[in-house]
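**Student:** Protein sequence lines correspond, in order, to chains A and B. The first sequence begins at 1 in the UniProt record's numbering and counts up one residue at a time. The second sequence begins at 1 in the UniProt record's numbering and counts up one residue at a time.
A portion of the hints provided could be inaccurate.
To be verified - One-sided excerpt, in silico: chain B residues whose CB lies under 10 Å from chain A:
1) THR42
2) PHE43
3) LYS154
4) LEU186
5) HIS366
6) SER369
7) PRO379
Claimed, not checked - Ranges of calculated distance between the beta carbons of each label pair, as one might list FRET restraints:
8) GLN16/A to GLU362/B: 49 to 57 Å
9) GLU241/B to ILE321/A: 55 to 63 Å
10) ALA245/B to GLY191/A: 46 to 54 Å
11) LYS149/B to MET294/A: 35 to 43 Å
12) ASN300/A to GLU375/B: 15 to 23 Å
13) ARG242/B to GLY296/A: 18 to 26 Å
14) GLU55/B to GLY210/A: 52 to 60 Å
15) GLY87/A to THR60/B: 35 to 43 Å
Because the hints were derived from the structure by calculation, they are not lab data. C-beta: ideal position from N, C-alpha, C; glycine also.
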Amino acid sequence: LPRAAPRPCPAAGVSQVTVRDALNQALDEELERDERVFLLGEEVAQYDGAYKISRGLWKKYGDKRVIDTPISEMGFTGIAVGAAMAGLRPVCEFMTFNFSMQAIDQVINSAAKTCYMSAGSIAVPIVFRGPNGASAGVAAQHSQCFAAWYGHCPGLKVVSPWSSEDAKGLLKASVRDDNPVVMLENELLYGVPFEMSEQAQSKDFVVPIGKAKIERQGTHVTLVSHSRPVGHCLEAAAVLAKEGVECEVINLRTIRPMDIETVEASVVKTNHLVTVEGGWPQFGVGAEICARIMEGSAFNYLDAPAVRVTGADVPMPYAKILEDNCLPQVKDIIFAVKKTLNI
Amino acid sequence: MRKMLLAVLSRVLQGPAAAAGRTASRVMVASRNYADFATEATFEIKKCDLHRLEEGPSTTVVMTREEGLHYYKTMQTIRRMELKSDQLYKQKIIRGFCHLYDGQEACCVGLEVAIKPTDHVITAYRAHGFTYARGVPVREILAELTGRKGGCVKGKGGSMHMYTKNFYGGNGIVGAQVPLGAGIALACKYFGKNEVCLTLYGDGAANQGQIFETYNMAALWKLPCIFICENNRYGMGTSVERAAASTDYYKRGDFIPGLRASTTPAFFEGGWKWGDGPILMELQTYRYHGHSMSDPGISYRTREEIQEVRSKSDPITLLKDRMVNNNLASIEELKEIDVAVRKEIEEAAQFATTDPEPPLEELGNHIYSNEPPFEVRGPNQWIRYKSVS
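Generate coordinates for the entire structure from the input sequences, incorporating the hints supplied.
**Tutor:** Have a look at this one:
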């Protein structure tokens, strides 16, 4: 299928669009739509973005709307949050979310909690975005997944796109949301093309925050995932289908507020649950899903304990063979499904 | 471009009386017609220390009778409000942290007069004075301290998290408010409305790394951010000499022009204008209370030192002396103001101790802004609270 050209794109019908281009389109459209929206971060302007997500935007919108910052995460994140408190709508890029740890006080104590502390009088309409989780060979300090850390905190919304449609729709929704949103992208997905419908390519296409998507219908087991592992789940499902096992694959899309209802409805149908994530197991996204399933109506429909597939409980090593085995692979998902189904 | 009046902060800053040597002449008269007062008086004040500035504020300042009365009343209100808070805290009606501002009143009063209501202010946790100066009534401040629904943020914030229009708190994390303030200044520049943001921090926070990151970006992008270091000589229990390799806080912005003011009236007009970028001002001041209510404030400084500041450099006393000596007001008139202030504080305290606590339903509210209602989990899965924006 032909790749979609960058905007303006008069595609009639479905096109293949990479996640990178989808994010770029979203930023372009939102910058155009609302002049209070601006982008700041390291290398976002003249370098076109460390990962080229903001390619062309500085040329089009100039210094006021696309701002290169010095390497000062705590400082520029605080500046972005202050700007949001005073009525602007910043998109604050972290080159990777590993660097957000330097600024995490501003994300949590200044952004997430202010609406509550001020009894609603100060809104913080900000988006924090950037690549999250493992990449390829970048080792321990550059591979951490922050879904559980940010997902833990009331006052934040946390989204985690997988496909191009997710990326574009969730970024647009995040920019339009009046609350602090953490958008956890994935560097390995940036170059991956996905089909996008005509509707998904339109300027007003948003994906609602807080709603999961069923990517594949199934009857025997529910696979719940977010970000890149959603793709692995679909691959595992294709393999298992040949053996007569039909997996229902749920793409969470949003970590907080989590759409547990969609998961529950699926578990009621399939009676088996496997969660899949790239982050570490302890206190992770899967742990939260399992706890909530136990607390809810779906527990009585489980025919086996819920099972988690996660990143290995170690800092990420460098050597390829080690790194490959620190992340959930298709075979690990298949193994977990078969264990759960006792086959 | 508008001229920035860094005036009055100055007006009433404490420090050794500039008019040293002038004795207070107490000429008592039986009755006094207000027409007998002077409309204004001129004062000579100490020069500011300057950093990368050619010219500092003028050392000659004029204060009108109205201005003086306004400063007096405002400072006295803050003083009595803080002392009332001390009392309520000791009665355990105020809980948690309580950082009192008594002794430093001149700073917030002077700054507020120098800016417009449309300008912006952000400070750290010693914020009650600024909250009042920015327009929140005493009763709403005290009711917030006592955690009642009539508090300025409905009891959700407490001492360190009070807000109002163009006042962004009240911030608990030392130094975090400084980048926020520069961000507010960025918005001011972005919107092009000639507004500024006063970004305050203390001598303790002055060593925070994020402040230096902020200096850099504020200067680089010429943000209309006025950094103000309230140097009260102690960061919690650590004196400035023990915390900072350089205690010249007005110079710590390096490439940012700075000035240090310690005595009364400094009137800065024309030297700095909107569009020039940031400026840094150090205000030398003093707090009578310890760092917070759990700190008696005498393990790291002497009672003698506190007493000396109180007797020689109290901003309210200094202002009173100046006004009386220059025939701007009478002692009786100022006493009447004292009585009125006490009454206001008593009534506010009465409200703050009788207003009900917020209803339990408030627990879940204001997690998000502009969001349809949703449910929030309580201490167990069966307890749910509704959250409205």
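**Student:** Honestly, which of those hints from before does the structure not fit?
**Tutor:** 1, 2, 7, 13
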